[in-house]
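Visitor: Sequence:
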Amino acid sequence: MGKGINFRHTLTTAFQCYCCHRDYQCNKNDRVDKKERQRHEAEFNTTGKHPICFNCEKNTGDMFEKDEGIIFPPGLLLKGTSQENLDYILKIYGKCKIHHNPSKNQYCKCSLFDLNNLDDCKICTIECCKQRKKELLDEEGSGPFEFGRYRFLLGSSNETVDKINNIILENYEKQKAIINNNDTYYNVVSDRRKWPTTFVSSPQNLEKITYDEEKLRKKNIKRRWWPIVFYFYGLNGSGKSGLVTELFGDELYNKSKKQRTNWWDGYDGQEIVFLDEFYTKISWDDVVNILNNTTEGVEHKGKGFRQPFIPKYIFMTARKSPQESYNFGNRSNNEDSCQRDWGQFERRLDYIIEFSGKWNDDITKRTTQMKFHKGDEMKFRNFDWDVKLHICEDVIEKTIEKCKKINNGQGIYTVINNEVYWKKEISDFKKQYLLEYPKVKPLFKYKQKFNNRIDKIELSSKRKGDNLVPEIIKKNKN
Numbered sequence: 001m002g003k004g005i006n007f008r009h010t011l012t013t014a015f016q017c018y019c020c021h022r023d024y025q026c027n028k029n030d031r032v033d034k035k036e037r038q039r040h041e042a043e044f045n046t047t048g049k050h051p052i053c054f055n056c057e058k059n060t061g062d063m064f065e066k067d068e069g070i071i072f073p074p075g076l077l078l079k080g081t082s083q084e085n086l087d088y089i090l091k092i093y094g095k096c097k098i099h100h101n102p103s104k105n106q107y108c109k110c111s112l113f114d115l116n117n118l119d120d121c122k123i124c125t126i127e128c129c130k131q132r133k134k135e136l137l138d139e140e141g142s143g144p145f146e147f148g149r150y151r152f153l154l155g156s157s158n159e160t161v162d163k164i165n166n167i168i169l170e171n172y173e174k175q176k177a178i179i180n181n182n183d184t185y186y187n188v189v190s191d192r193r194k195w196p197t198t199f200v201s202s203p204q205n206l207e208k209i210t211y212d213e214e215k216l217r218k219k220n221i222k223r224r225w226w227p228i229v230f231y232f233y234g235l236n237g238s239g240k241s242g243l244v245t246e247l248f249g250d251e252l253y254n255k256s257k258k259q260r261t262n263w264w265d266g267y268d269g270q271e272i273v274f275l276d277e278f279y280t281k282i283s284w285d286d287v288v289n290i291l292n293n294t295t296e297g298v299e300h301k302g303k304g305f306r307q308p309f310i311p312k313y314i315f316m317t318a319r320k321s322p323q324e325s326y327n328f329g330n331r332s333n334n335e336d337s338c339q340r341d342w343g344q345f346e347r348r349l350d351y352i353i354e355f356s357g358k359w360n361d362d363i364t365k366r367t368t369q370m371k372f373h374k375g376d377e378m379k380f381r382n383f384d385w386d387v388k389l390h391i392c393e394d395v396i397e398k399t400i401e402k403c404k405k406i407n408n409g410q411g412i413y414t415v416i417n418n419e420v421y422w423k424k425e426i427s428d429f430k431k432q433y434l435l436e437y438p439k440v441k442p443l444f445k446y447k448q449k450f451n452n453r454i455d456k457i458e459l460s461s462k463r464k465g466d467n468l469v470p471e472i473i474k475k476n477k478n
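One point on numbering: in my numbering, the residue at position 237 of the sequence shown is 237, and numbering is uninterrupted.
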């Protein structure tokens, strides 16, 4: 049975029993004998426990003839047979029904209201009362109409029932710990080990808690690096945009032209950002902010918080060279209040690459060429794009640990002269593609070639019993 609802009796407020809860019989009854009322009042004043309803007390013996008359806390699976559960519930009389039989001079010393004296009883079996020590009952009494905690009924040794009861107990302990530790909602949200099962008891609860968890996680993110910025420029059709989308089309964030400056809808922490014809999408003020090493937030339309802007690589394309992109040196009044400083912009660009000629899918007709005005060409073609991390007050190990949380463990970390660098893991077939660019075949053909080679290695390795192949496959088949 579960905890009932408070209601007014003739003399005192008590917890509503099952019978009353069903039939609402516990109303003021002036016909109850005066001495009977006094007896109940004295019992309450002495024990501090609520007496059974006057009307229901007469019917107690018939209340639990059927299983549906035995009500337990929601979600608790009962162990034992129906009759065993019924016998225990009928300890309403304060004694074990099975072994308390005065007519046979059998007197049970166990008490439903005090489980501390179970060892005193010489006639109750271990299956009957002594095992009740394992149950967690309310400290103020565990009569059939008052339960402050879940109780576990003994009977079956079914492992599934044991596991479910343990989950219920663990959930109760988590709730109790939250109260005792004065934990705030966001303290609990940030640590999944503290989550009670009620946090995920419904799709609505799960959606809210995961949303708040992600919101809090992003709020605490701090960018610890300068992103590597690639500036590609040249006439339309020269292949500058196609190179970026061919290499990273399935994993980059491409800001829409329609969004202009304010909204970055769809950005969710992608490490590669593509700003095609960037001057049509962001203002000079935004360029200064997103290319620095601070955790600048970007806005999503309709969202209540700013998304941390944490890319490692930023690709910018334009028809004009960097010097011409924002008309550097032009001091005339315009809509941008910030002075357009070419030096400030140029320092933020790691690679300046000019694209000329015309891209054509037919290699024999393709005239695309690349000219490097800034940045090392071989480092570019070999994907040696090392992002330098800022250690600040943290030691190297802590810096790497924090960045791994932001990067979900992805990437390669190297330490050179007490400096920490991060680099994206790139598949070998992409490296080969960039080495041969622009005289290249479609990227998928490079992937097929490498996969076929790995399949041959795998077949040969299986014959030899070599276990190193899965790691090779994982590296090259992405």
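Careful: at least some of the hints might be erroneous.
Said to hold, decoys possible - The following label-pair restraints were derived from C-beta to C-beta distances:
no., residue 1, residue 2, range
1, Asn382, Asn408, 22 to 30 Å
2, Tyr279, Arg366, 26 to 34 Å
3, Gln175, Gln448, 51 to 59 Å
4, Lys449, Asn408, 24 to 32 Å
Since the hints were derived computationally from the structure, they do not count as laboratory data.
Being a predicted model, the structure only gives us computed values, none of them experimental.
Ideal placement from N, C-alpha and C gives every residue a C-beta, glycine not left out.
Visitor: Work down the list of hints and note, for each, if the structure agrees.
Guide: Evaluated hints:
1. In this structure the supplied range 22 to 30 Å holds for Asn382 paired with Asn408, their Cβ-Cβ distance being about 25 Å.
2. A C-beta distance of roughly 27 Å is found between Tyr279 and Arg366, which places it inside the suggested range of 26 to 34 Å.
3. The hint said 51 to 59 Å for the Cβ distance between Gln175 and Gln448, and at roughly 56 Å that hint holds.
4. Evaluation of the 24 to 32 Å hint for Lys449 and Asn408 yields a pass: the beta carbon distance comes to about 30 Å.
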